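Residues per chain, in single letters:
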Amino acid sequence: MSAYLLKRLLTMIPTLFGIMLITFLIVRLAPGNPVSLKIQAAQGLKSTALSQEVTDQMLKLYGLKVDLPAGYENFIKDKPAPVRKALEWLGQNTIQFKIWLVNVCQLNFGMSFKDHRPVLEKIREALPITLTLNLLEFLIAYLISIPLGVYSALGRESAVDKGVMVLLFILYSLPTFWVAYLLLMYFASGDHLNWFPLGGLHSEGYETYPFLMKIGNLMWHLVLPVITMVYGSFAFITRFSRSTMLEVVKQDYVRTAWAKGLPRRQVIWKHAFRNSLIPQITLLGTLLPALLGGSVIIEQIFSIPGMGKLAFEAISSRDYPTIMAITTISAFLTLISLLLSDIAYAFADPRISFEEKQQA
Amino acid sequence: MPKILEVKNLRITFPVNGGRFAPAVDGINFHLNQGKVLGIVGESGCGKTVTALSLLRLIEEPGRIEEGQALYYGTVEGVSPPPRRPGPQRPEPPEGYEGPEATPVDHLMIEDLRREPTAEINSEKAPDGGIDLFKLSDEQMRHVRGNNIAMIFQEPMTSLNPVFTIGDQISEAVRLHQKVGKKEAEEISIEMLRKVRIPDPQKRIHDYPHQLSGGMRQRVMIAMALSCKPDILIADEPTTALDVTIQAQILELIQELIDDMHMSVILITHDLGVVAQVCDDVLVMYSGMIVERAPAKRIFSKPKHPYTIGLLDSIPPLFQDAGELLHTIKGTVPDLSRLPAGCRFAARCPRMVDACKARVPPYKYVGEGQEVRCLNY
Amino acid sequence: MQRRPSFIVLALLVIAGLFSACEVQAPKDPHTLIYHLGSEPDTLNRLTATDAYEGRINGFIFDSLIERDNATLEFKPKMAKSWEVSDDKLVYTFHLRDDIKWHDGKPFNADDVIYTFQKIMDEKVDAPHLRVYYKDIKNLEKLDDYTVRFTYAIPYFKALEFVGGIPIIPKHVFDDGKDFNSHPAGRFPIGNGPYKFKRWDTGSQIVLERNEEYWDKTKFPDIRRIVFKIIPDDIVAFQRLKKGDLDMDSLNPKQWVKQSNTPTFEKLFAKHQYYTPSYRYVGWNLRRPYFQDKKVRQALARLINRQGILKNLEYGLGKLTTGPFWIFGYEYDQTLPQIPFDPAGAKKLLDEAGWIDHDGDGIRDKDGVKFSFKFLIPSGAEFYQNLATIMKRDFAEAGIEMEIQTMEWATFVQQLNSRDFDAVSLAWSFGYDEDPYQVWHSSQAEKGSNFVGFQNGEADRLMEEARQVFDKDKRAELFHQMHRIIYDEQPYAFLYSGPALVARSRRFENVKVYPGGVDILEWKVGKQP
Amino acid sequence: MTLEIAQPNLPKAPEPETGSPRYWGLVWKQFKKRKLNMIGLWVILILVAIAILAPLLANSEPVYVKYQDKVYLPILQKLWPISKLNLYPELTGVDLKDWKAKGAEFRYTPVPYSPDDYNLEEILEPPSIYHWLGTDQQGRDVLSRLIHGSRISLSVGLIAVGIYTLIGIFLGALAGYFGGRWDMLLSRLIEIMICFPTFFLILALVAVLGQDLFYIMLVIGLTGWTGIARLTRGEFLKLRNQDFVTACLSQGMPTRRILFRHLLPNAMAPVMVSATFGIASAILIESSLSFLGFGVRPPTPSWGELLSQAKSVIDVAWWLTTFPGMAIFLTITAFNLVGEGLRDAVDPKLKS
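Those sequence lines, one after another, are chains S, V, A and C. Residues in the first sequence are numbered consecutively from -16, following our numbering. Residues in the second sequence are numbered consecutively from 12, following our numbering. Residues in the third sequence are numbered consecutively from 8, following our numbering. Residues in the fourth sequence are numbered consecutively from 19, following our numbering.
The shape of chain S in the complex, shown without the other chains:
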């Protein structure tokens, strides 16, 4: 097992490197740059022309301009202008990427351009919020979808099965932001019903609440966002659970279970269901990135300061260190969770041993 783990961990390195490189390139090739944004943002696009000197100071301050090695400078000095420009860009970015890589290896993700706070600190603030929200969503989605999928599989082609399918597809096809606004209008605005708060995570004066009330208050705030996130995933998970169940029910060992005279409940929920969960683990592995990503739209509408918002703002303001850190960290966590889901798979399915996997 440890050999397997080691091998898996080693294959992560090229993947991580690839992700960092692609992010770096996207970030650097994207039009717009943090310096001009910063200067323009100051007075609504109305600052005086900045001298090249001030711009250069800024670039250096942000680490967007480094000294090229003298040899390289000489080498590109007398090339024709476009070639020189390209080579300079290449040199600059290679060095900056290298510096960044070295820093990351020391777990130093740098400071955000926006507010000069350590990027890690910003992520540490946003990640728990997104995780809470998404874990709740996952929990509810699975708790509802899996039994629904199983029942729908058992009553295949029945009216209930078809009805459930159509209903889920309809749910799936409702655009998130639309549903979010409708929920807010009808359940929170007070124009119709006033059951839930209009976004945010806490009520005013939350700091002074006793612990249980704090939890209650938080949950109360999370009801609508979680509903908005969850309804769309029902269709997918239910259909998946239904089809794996259909697959499993046809297996010989389920027939054996029937032939043994086991009651229906035991056949379905012990013999069939247990096996149908195995592919679910793989699915879960591929859904995990969503757990970390957060949803820009939902966080925007419900005023939730999570990862989606952080990432979106980082992109809009060309906050390179934050963008790079978010992708790197979430890629790393995703790879780890993929690995974990593979390990969980091996535990759930006794047929798979790590040694065999290694050979495959």
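Any given hint could be a false lead.
[As the list claims (entries may be wrong)] Beta-carbon label-pair distances, calculated as ranges: (1) S:Phe0 / A:Val264: 53 to 61 Å; (2) V:Asp149 / C:Pro145: 51 to 59 Å; (3) S:Pro65 / A:Val376: 22 to 30 Å; (4) C:Trp336 / A:Pro344: 41 to 49 Å; (5) V:Gln266 / S:Phe330: 34 to 42 Å; (6) A:Asp111 / S:Phe80: 38 to 46 Å.
To be clear, the hints were calculated from the coordinates, so they are not data collected in a lab. Just so it is clear, the structure is predicted and the values come from calculations on it, not from any experiment. Cβ atoms here follow ideal geometry from the backbone N, Cα and C, with glycine treated the same way.
Assemble chains V, A and C onto chain S, guided by the hints.
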């Protein structure tokens, strides 16, 4: 010799294109005597597995049992009044049960509507009474499965649940049917594993199926099937998926267990060698019908139906000259959706006459408990 | 086993129901003002911050040397009890009050002013946007602990505004050897104003509390707490206002007219509108062949249905404008007539300018160049989208092909800076004493804010002269001339100036609306209506 | 000949039937059986028809003009590619309103508004007999915009999915067939794609490439291919070892031919199913992008854009949210139903 199971006029249909239902098993009759081994032979797709599954009512949707009876002469938990064992005394039929009185010539094998009297194989008069398995409630049927009738399947590789240990899987049935505790069930499991000659059963019960070889798994299947001491064991090609050497061992084991536990067995196979080795009586099925039936010895010594003859000829002789072609039956089994009106074997039959195409030939008794459906006799 | 999942679902539903049934929040405190913030400020470090939200918050935490009077908009003493300007308008001397304390109890003095200035000029400090404003200051001296003197290299009429409004930070807090840009005080500002910083919950709220030791008793606020709620979605924010979660919010015209006219809303909230200097415009990139001719630009101005747009899309909330100054300012020449929506006249002008559809494809052309251009607007902004689609339609009617180009803000800025656009729509907002130099002087065409590349010798001369004129009336005369030049040249099609629309809870009393807006410091807490 | 007689029991390896027209015939038969599938299919067909005929359904241009006994069909000039022909040179420069005044006979399309026809006097009108589905914030006819929007939304779905299906098939085929290094490379690539939060990547790419209908399709295409690639890889891996491939190889067939003529049709069924679902989600992604302001450029009437415009008036103009919302969910449900039906129809395991 008393009957333990009697199947009457069983018809099982499956949907084919156009919403039509076509018979996969088309009105067959047979019975199983206590302590005997009944072999059912035929090519794949001839309906033998479906027949076996129908006895446990395990035919999967959308297949269905269209008509017929499967009379079981034994005690089923939860069925009252408890039916009596078939024997010298004539028991009252259970309530609401359309007993054999309905068929005046119940001791004969009935085929078609013509009801041509045919001789009874192993002529022992059938007792009255019996429980129609097809009329039991789901719950009652559940008690029959495993407890009264157990089944082992063709594929030991896939017929065991991969995620539970074999100990779990055996004791599960034991606990269910014999109402014993966990500990006791485990002991019974170990005992059963020992019986099927699995070495070191105390340790093996903690193994998962994938850790066992094919032969071992089939032994586990057998142990599981026998763990509740059923009256009837249905073995659906139990050796097909195994190596030849293992096959022999398993067959031997089954044979021994039958002798040991006084079980009645329905052995489904396409391998006539197996039949020769263990069976007392044989049914030859072709395309959903029984084309020939006879005591096992008779089938080998005097096969009558051209199909049976063809099957026997396809067995490779022990010493075959190089270059000599193996005998095969030409053509293929007819498509379920396009069954011919006459004898279903006609298209492939070397001795076909024109009349064969007109109608399904009736049974013809040819002596010594042998019946054949062929116009040539 | 089979029951459990549905049981959990049921339990969750019950819990959800309980939340809605019983109160999981405490009652509201009437002495707290809850104010909507559309986006979170990056930092509350006054020097490195670049967004408008920082100013809105720090305005309560910090005072400046001098400030404008609410009513007259003239400068009056604040932390500086008096100031002197030399006759050559180069030397500004400020006499500071000696009774001001920072929120941590340390006294405020001239060292803080000097330190602030040094930090602004420090190239290691991420404050280039401020640096450009102070680059003409030659020298800053500390005469004594409570007297500072700024010396300018050249006279400039806005110098007093700049030096008097310098965002002063406490030296003793920042000067502790830590990196300035990431200094923790940027997340926990220590000021000297009427409110103290209390807490900042990232992404959700910033809380200020009244500074009980505030020195300026004439401006001692009645409201004890101000909470800035960060709600990025305006629609949701408006709903929260209606529900009473917020005490104050700015509205858009649609909300003002259509969505806030219910009796309940009127009962709970009062609405105020006032005009701050700003205007919206469509700018033509004069470097493009089709925009080089003044006649074409005059024609285009006649093709934009400004009246219709203002009336129907903005519900008449706004005033049409003819030039680059505040419509209520002394710089604005009120005599110039509005340009009408006049497609026929526009077509005539275009014909005169030689833009005629020669090849019959429905698009005008001249010298082989088709009148087909791209109109750049920032993405996601409803007003610009509406404007653009309406323009596209009317332009097409007049034989001009216009393609709408939406761009996300960072890219948009890049396109403007590299002058890589045909036409653009945006808004300017500016100060009470406007210096048009940055937007209109030809020296700014290459790199500055003169994106459209407006170059006019006469206008250049007027602007240069005005920069050194300290007399308002004289400056007004110069700017009126400049206004007329721009009106004639039409480098922009000027649209209109929109008002600030504010709704606030009627719980607050003594609310006065000044030309510059409302002043929360003078509000009194009354009864909830 | 002799060889064949000597080995009568060794028939030539048959190609699996999954690629043949007969196979698709069977799939169609299976598909037809369920009413829901057919409903979904009909909805899609109707939508496609609406999209194709949009200019004939909603247009402010008259369809038919009779003036001085001469019949004109001015709408034809608005239809590509007929517009290139310049059918009525005499109409250029003519204001049809003048003709109307002179008593010409006019016939209009069922919805006599073009999607961009704004009318500042009719802003946010509720549904009426003039505007069947009401008007939007610029006084444009919602029905007309919906009809023309179907073109955008459907083409986003179809083209984006088309792009990523091609990429996915190509990469998946390479990895599945050649295995080894190719497979390793693809696995890493897929892993990289999984690790990027997709929506994040889409936003970043839209920022880089720019906001244009085509780029949006391209971006959805560039980010969505992993599922198809995995599927194709799996299918090819399975098929590669089958006898008919060996048979092809033994006949000296070029690899390209084996890959695309023999293997690909066999792998198409699951890919088709996945693609159908993909169309639905591409339409949804486009609408989310529109919501964030990164969608198609105005005045292009995509459904997502219509819906996101409506958000600011959600409490005063129900028709602006309801109708585009219904259009989106009808389409997506239809595509999902068809996808589901297709899945059941092509899955041999479910057929028995």
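For each hint, the structure was consulted:
no.	hint	result
1	S:Phe0 / A:Val264: 53 to 61 Å	56 Å, holds
2	V:Asp149 / C:Pro145: 51 to 59 Å	55 Å, holds
3	S:Pro65 / A:Val376: 22 to 30 Å	28 Å, holds
4	C:Trp336 / A:Pro344: 41 to 49 Å	42 Å, holds
5	V:Gln266 / S:Phe330: 34 to 42 Å	41 Å, holds
6	A:Asp111 / S:Phe80: 38 to 46 Å	43 Å, holds
No hint from the list above goes unmet by this structure.
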